[in-house]
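Going down the list, the protein sequences come from chains A and B.
Following this note's numbering, the numbering of the first sequence begins with 1 at its first residue and continues without gaps.
Following this note's numbering, the numbering of the second sequence begins with 1 at its first residue and continues without gaps.
None of these hints come from the bench; they were simulated from the model.
Careful: at least some of the hints might be erroneous.
Pair by pair, the computed Cβ-Cβ distance ranges are [as the list claims (entries may be wrong)]:
no. : chain 1 : residue 1 : chain 2 : residue 2 : range
1   : A       : 278       : B       : 418       : 25 to 35 Å
2   : B       : 340       : A       : 13        : 26 to 36 Å
3   : B       : 63        : A       : 267       : 48 to 58 Å
4   : A       : 186       : B       : 105       : 45 to 55 Å
5   : B       : 330       : A       : 17        : 48 to 58 Å
Beta carbons: idealized from backbone N, C-alpha and C, even for Gly.
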Amino acid sequence: MLTNHVFLLLLCCVAALPFLWMVLTSFKPFNEVQSTHWVPRDWQAENYPNVFKALRYGALQSEEVGQWGFGQFFTDSAFMRYYFNSLYIAAAVTFLQCLTSAMAAFAFSRLRWRGRDKVFLMYLATMMIPGLVLMIPNYQIMMRLRWVDSYAGLIVPAAFSAFGTFLLRQFMLTIPSSMDEAAEIDGASKWQVFWEVIMPLARPGLIVLCIFTFMGTYNSFFWPLVMLRTQEKYTLPVGLLFFDSSQGQETQLLLAAVTMSVVPLIVLFVILQKYLVKGIQLGAVKG
Amino acid sequence: MRKHRTDLLPAAAFLAPNLIGFLAFVGFPLIFSISMAFTNWDLSLHNRYRNEPIGWIWLRNFQDLLSHPDFWKYFGNTLFFMMAIPIGIAGSLFLAVLLSRPLRSRSPSARWVLAVGSLASFAAIGLFLMAGGFGAAAFVFCMLAGGVLALGFTTGAVVYRTLFYLPAFTSGVAVYLLWKQMYNPIRGPINIALQPVLDVLTAWVRGTPSWFWQGSGYALWAVAVLGVLWLGLKVLRAWAGRDFGIGTGLMSLIAVVAGGLVLYGLGWVAVHLPEMVASKEGLVAPKWLSDVAWAKPAIMIMGLWMGIGGGNMLLYIAGISNIPQELYEAADIDGAGRWQRFWHVTWPQLAPTTFFIVVMSVIGGLQGGFEQARTMTQGGPYGATTTLSYFVYTEGFETGRLGYASAVAWAMFVMIFVLTVLNYRFGNKYVND
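Work the whole structure out from these sequences, hints included.
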């Protein structure tokens with residue numbers, strides 16, 4: 001058993017090494033980046049605020065910026081703006097998607113109507129379509145709606161999902177229908193059954209959907225890349241790419257930016273990993 | 001007693017937001033897209049300045065597609081990347097097996113003893129290294145490792161599973177940029193660590209007679225060929241003897257062939273080593289993302305790092321935990337060793353999980369490679385890392401040939417559809433395994 005642990009520990013090191021290098025190098029001054037020692041001899045924590053200062057609206061190169069007041073980090077920094085954009089869009093999409101998917105899942109699992117299963121099958125079939133096929137026409141639609149380079153264009157198309165509907169429907173099917181019937185006997189309307197009976201019981205499935213959706217939207221790259229034009233609206237992935245192309249030679253700054261992008265995900269993961277693991281296993285073993 | 005009535009009206013109300021979105025952003029675009037594929041819509045012809053009518057050109061897009069020399073190259077690139085799938089599956093399976101072994105001792109007190117013991121021993125190692133001149137960093141590293149080990153003794157598989165899943169969970173543009181920095185030929189840690197090793201290797205190879213290397217190379221080839229034949233026959237025999245179903249048999253064959261190819265590769269390297277060290281610098285660390293031959297393997301290595309501990313590993317862990325203990329007990333009674341337990345119990349029982357993973361990986365693999373290409377190589381040195389999805393992006397959004405790009409996207413869809421149907425036809429026999 002001991003050997004198992006040691007072996008696993010070694011493999012963990014392999015998994016964690018790139019992250020370790022990332023964090024350590026982000027504290028190095030430029031001339032130490034290439035050195036063979038991983039730990040900086042000259043800890044330069046200013047790299048982190050410098051990332052925020054590096055790109056300001058309209059400025060592509062980081063000029064010498066002096067000390068910034070605290071408020072300036074929020075008004076002048078492009079990187080802070082990218083963070084805000086990513087979090088805002090991810091939160092909006094997650095909320096909308098959970099809501100519409102839950103409502104649709106309720107319709108597919110709890111209500112009886114003609115054609116229900118056929119429509120559901122159609123939903124499922126669309127999951128097989130590669131997103132790429134839909135990107136081009138969706139872009140045209142965005143152009144007509146004048147939603148290119150807008151938050152609406154990023155939020156609304158992502159706000160519903162066949163996958164979310166599928167996941168929640170499967171989950172709701174496991175809830176015994178005696179609950180609904182009891183509520184209806186007490187005179188509850190369909191909406192009340194949905195909101196007050198089913199939703200609380202579906203919480204584990206909802207949490208999993210929230211995690212997946214939030215993570216997926218936070219990391220989504222293709223659609224924001226295609227849609228966004230003005231630097232102010234960039235999300236983190238697009239912003240990082242922009243950062244790399246303009247500041248890419250400054251490895252330590254780039255790595256500080258990358259660390260800041262990755263750390264929220266790591267924290268989120270460590271806290272929620274129990275739900276995530278259950279969710280993945282739930283989705284596939286039953287599906 | 002409920003009246004039997006249809007819930008159509010409430011259903012419509014609940015379904016409405018979702019359905020409207022579905023029709024607007026999936027249904028309508030789908031139809032739009034397939035009609036676009038048959039037109040010559042091109043933003044250089046149909047814009048504000050030059051408004052020619054959009055014409056139906058029917059199958060010409062598809063003809064151009066198939067005769068475009070680079071299309072087949074990009075298709076080949078996509079398939080090349082998919083070669084990492086069996087390696088990833090093997091890695092995930094391996095990790096899952098490791099994590100399914102008992103890792104926590106039964107008595108809580110023993111766990112604490114082990115935890116404290118590991119922290120103490122790593123602290124000692126750290127202090128020793130620190131005194132030996134490796135600096136405070138060594139101590140911190142040792143404490144981190146000791147901490148993980150201690151957690152391992154107390155929480156069991158959880159801490160390792162979390163750490164393994166981390167690369168998969170954080171994957172995204174940020175991580176691709178991290179790896180792009182790591183692959184930097186001059187500044188990146190990979191080459192900085194690799195070059196001294198290669199220099200030592202060069203010196204060693206130069207010091208030994210070349211027949212040694214060529215001989216071992218040919219020997220490895222022989223082992224590869226014979227091994228594939230022998231193991232392959234074993235698999236076929238088990239297949240014919242109905243020990244395996246069709247699916248397990250094919251997976252095993254693929255695994256055997258893959259192993260043989262690896263040995264063949266090693267043999268090739270050994271045979272060619274003498275000539276590789278003949279130049280002045282000897283063995284040089286490759287330029288990774290700038291090198292036509294190494295760009296794809298570089299991306300594949302990164303993909304394996306991210307994928308092996310990921311969702312597939314979790315699926316296998318769940319699958320393994322579902323295997324009934326009686327099967328293992330029966331195997332023990334028959335005197336099975338560790339490898340045989342795996343080969344005759346674990347592997348066949350995991351067949352449905354493996355099947356699911358293969359299907360999803362193939363579907364994903366055919367559509368993938370866009371993000372890596374866009375962030376790391378812009379399509380690679382001379383198109384070496386351009387996959388079909390990156391090609392659709394450049395044709396559609398950079399060149400503006402929307403009709404043509406739609407045609408490529410639909411061609412991809414057809415491939416995915418055909419492969420998925422084949423997988424399912426073939427996989428249904430799995431259920432009867």
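Hints and how they fare:
{"no.": "1", "hint": "A:278 - B:418: 25 to 35 Å", "verdict": "holds (34 Å)"}
{"no.": "2", "hint": "B:340 - A:13: 26 to 36 Å", "verdict": "holds (31 Å)"}
{"no.": "3", "hint": "B:63 - A:267: 48 to 58 Å", "verdict": "holds (52 Å)"}
{"no.": "4", "hint": "A:186 - B:105: 45 to 55 Å", "verdict": "holds (52 Å)"}
{"no.": "5", "hint": "B:330 - A:17: 48 to 58 Å", "verdict": "violated (42 Å)"}
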